[in-house]
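Chemist: Here the sequence shown stands for residues 1 to 123, numbered as in full-length UniProt numbering.
Simulated from the structure, these hints should not be mistaken for lab results.
This structure is a prediction, so every number in the text was calculated from the model and none was measured.
Just so you know, not all the hints are guaranteed correct.
Within a straight-line C-alpha distance of at most 30 Å, the following computed DSS-like cross-link-like pairs (lysine-lysine) qualify [stated by the list, open to error]:
{"no.": "1", "residue 1": "LYS77", "residue 2": "LYS109"}
{"no.": "2", "residue 1": "LYS77", "residue 2": "LYS89"}
{"no.": "3", "residue 1": "LYS66", "residue 2": "LYS77"}
{"no.": "4", "residue 1": "LYS72", "residue 2": "LYS109"}
{"no.": "5", "residue 1": "LYS89", "residue 2": "LYS66"}
{"no.": "6", "residue 1": "LYS77", "residue 2": "LYS111"}
{"no.": "7", "residue 1": "LYS111", "residue 2": "LYS66"}
{"no.": "8", "residue 1": "LYS111", "residue 2": "LYS89"}
{"no.": "9", "residue 1": "LYS72", "residue 2": "LYS89"}
{"no.": "10", "residue 1": "LYS109", "residue 2": "LYS89"}
{"no.": "11", "residue 1": "LYS111", "residue 2": "LYS72"}
{"no.": "12", "residue 1": "LYS66", "residue 2": "LYS109"}
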Amino acid sequence: ESKCHASPRMARQKQYLVDPDHVQTSELRLTEQDAASNCTDNNPMCRICFGEQEDEESSPLISPCKCSGSMKFVHLKCLRQWLGRNENKRVAQNVTTYTWKAFHCELCKEKLEDHYTHKKSKH
1 ESKCHASPRM
11 ARQKQYLVDP
21 DHVQTSELRL
31 TEQDAASNCT
41 DNNPMCRICF
51 GEQEDEESSP
61 LISPCKCSGS
71 MKFVHLKCLR
81 QWLGRNENKR
91 VAQNVTTYTW
101 KAFHCELCKE
111 KLEDHYTHKK
121 SKH
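Turn these sequences into a full structure, and let the hints guide you.
Modeler: This is how it looks when you write it as structure tokens:
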């Protein structure tokens, strides 16, 4: 099974990208090129931390905008860090709803939805 691993250069950028006060479009574009050249498998990975699917229940890989290719997916926890202080969380039985003020994707410029609901898998 093939895995994507971040290069030392990408690891340094990883810390920079998850800081919500310092995310810049030029940095994201640079890491998109690096990720494409360093990952040849078809496993989706997070465009912020370069990780693959983790715990689907607490931090699923989601596609919150129109970006595609290596920039399509982001872990919910990485998106939450990026959105920072403008988030509200509401938990009701088996549904958690996250709400935040209007934000736009820095790459495709699409407005991010004001909520994301993740239903827990039934076992």
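Chemist: Look at each hint and say if it fits the structure.
Modeler: Results for each hint:
1. LYS77 / LYS109: holds (21 Å)
2. LYS77 / LYS89: OK: LYS77 and LYS89 at ~13 Å, within 30 Å.
3. LYS66 / LYS77: holds (19 Å)
4. LYS72 / LYS109: holds (13 Å)
5. LYS89 / LYS66: Holds - the C-alpha atoms of LYS66 and LYS89 are around 24 Å apart, at most 30 Å.
6. LYS77 / LYS111: With Cα atoms ~19 Å apart, LYS77 and LYS111 stay inside 30 Å; holds.
7. LYS111 / LYS66: holds (10 Å)
8. LYS111 / LYS89: holds (19 Å)
9. LYS72 / LYS89: holds (24 Å)
10. LYS109 / LYS89: With a Cα-Cα distance of about 24 Å, the restraint between LYS109 and LYS89 holds, given a limit of 30 Å.
11. LYS111 / LYS72: With a Cα-Cα distance of about 15 Å, the restraint between LYS111 and LYS72 holds, given a limit of 30 Å.
12. LYS66 / LYS109: holds (9 Å)
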